[in-house]
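In the numbering used here, the protein residues as written are 1 to 218.
If you are wondering where the hints come from, they were derived from the structure by calculation, not from laboratory data. Keep in mind that this is a model prediction, so the values were computed, not measured. Some hints could be false.
[Unchecked claim] Pairs of lysine-lysine, DSS-like flavour, derived with a Cα cap of 30 Å:
(1) Lys53 / Lys10
(2) Lys195 / Lys10
(3) Lys10 / Lys204
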Amino acid sequence: MTISLSYDEKIAVIDLGDDENRFSPEFLDDINAHLDEVEASGAHGLVTTAAGKFYTNGLDLDWLIAHGDQTQWYVGRVHRLLARMLTLPMPTAAAVVGHAFGAGAMLAIAHDYRVMRADRGFFCFPEVDINIPFTDGMAALIQAKLTPQAAVASMTTGRRFGGSDAASAGIVDATAAEGEVTAAAVEVLRPLGNKNPGTLGAIKHTMFGPAVRTLTAQ
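All chains should be modelled from the sequences, with the hints used to inform the complete structure.
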């Protein structure tokens with residue numbers, strides 16, 4: 001699994017990989033390094049996508065089981081990534097080309113916009129069914145981005161939303177056909193032009209202040 005960065009004119013595109021794209025410590029290092037590069041590049045927007053059947057399957061549970069003494073450190077790193085994406089000082093869109101589960105779905109939620117493949121793949125918060133309660137930060141993130149109805153429907157049921165269901169619930173903004181999801185996400189951002197990073201970053205920090213403070217306090 002290798003995270004890669006490319007550009008479509010002024011839109012940066014981070015490909016999370018062709019595996020389950022779980023949040024291993026190495027994955028977190030790599031995505032943060034790429035975000036550093038994107039911010040330094042003057043890009044007008046960021047799309048994250050993937051190359052396989054998963055957008056991302058979220059937490060690296062195998063790593064967590066093997067390193068239980070580092071759980072707090074690890075969860076803190078995940079929280080900081082979610083907070084960073086939530087407040088990135090440029091327009092962002094998640095191209096959900098495949099399954100987005102758990103913290104992977106939270107990463108998608110942390111973007112400004114989401115485009116999901118229409119015919120295959122699920123968006124799901126499975127925590128209620130795998131007996132892993134949401135952290136305060138994760139709950140704050142989801143509730144900051146979804147309507148109360150969508151938050152209850154997704155957080156308390158473990159329901160797997162297909163593309164059209166997710167769009168109807170307001171979880172994603174649009175759907176696209178196989179092979180067209182990333183391009184559709186790029187086109188969502190292209191008309192937004194070059195926003196001043198300082199201004200946009202400040203607006204996002206104000207909009208999502210409570211969620212960011214909760215994510216970064218843990």
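Going through the hints against the structure:
no.	hint	in the structure
1	Lys53 / Lys10	holds (27 Å)
2	Lys195 / Lys10	holds (12 Å)
3	Lys10 / Lys204	holds (21 Å)
Hint compliance for this structure: no hint is broken.
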